[in-house]
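Chemist: Chain order of the listed sequences is A and B.
Under the numbering used here, the residue at position 70 of the first sequence is numbered 70, and the numbers go up by one with no gaps.
Under the numbering used here, the residue at position 97 of the second sequence is numbered 97, and the numbers go up by one with no gaps.
Misleading hints may appear alongside valid ones.
Listed next, the in silico SDA-like pairs over lysine to any residue satisfying Cα-Cα at most 20 Å (straight line) [as the list claims (entries may be wrong)]:
hint: 1; chain 1: B; residue 1: K3; chain 2: A; residue 2: S58
hint: 2; chain 1: A; residue 1: K11; chain 2: B; residue 2: H40
hint: 3; chain 1: A; residue 1: K62; chain 2: B; residue 2: H40
In case anyone wonders, no lab produced these hints; they're calculated from the structure.
Residue-level listing of the chains:
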Amino acid sequence: DARVTQTPRHKVTEMGQEVTMRCQPILGHNTVFWYRQTMMQGLELLAYFRNRAPLDDSGMPKDRFSAEMPDATLATLKIQPSEPRDSAVYFCARGTGWHFGNGTRLTVT
Amino acid sequence: DAKTTQPTSMDCAEGRAANLPCNHSTISGNEYVYWYRQIHSQGPQYIIHGLKNNETNEMASLIITEDRKSSTLILPHATLRDTAVYYCIVRVAQVNNDMRFGAGTRLTVKP
């Protein structure tokens, strides 16, 4: 099975800027999970999708966050506008949860 | 509501077996027990899962009690590289439903 790659690994941005995080490859009809991890909150489930349709995105602040699959192999998580409280490590997982990426560490100043 | 409870931290001597307990007293009949671990700065890594029978793979063994209300993950010969946070999760397998992590157990393997 192909490993999950997340890009960028690190991102530092200023408050108000748009941030896009990528996760690939997404293969076939897999489910995609997005998580956020902070020291205070641990691993939080933001949303999960199957076949590009959200199954549950109740954990995601939808006024600023959006999760999409631009094509069958790529999943993205966007934050617009970003805020300092969004600083965290963001993980995606593919399939039945057996394959996680190594995360994007986001710092919003 | 947390579906599982785990000790916050544990220590283990290198070369010895590490036994990590997990309580899941409200587990449903169609829910499996999954174990993941997270080594510092990496994404969670799948270890093993089971329904009611004990399971073993190249990484670990999973012992589930007969009433399924608790389980133990066993790392037979812990190494320093096994130092990580270990998460026990209950979920319905083969269904793409959510997978939520608790606080886990921080295992420290000491030389």
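Chemist: Against each hint, give a clear statement of whether it holds in the structure.
Modeler: The hints, checked one at a time:
1. B:K3 <-> A:S58: holds, 19 Å
2. A:K11 <-> B:H40: The hint holds at about 18 Å.
3. A:K62 <-> B:H40: violated, 29 Å
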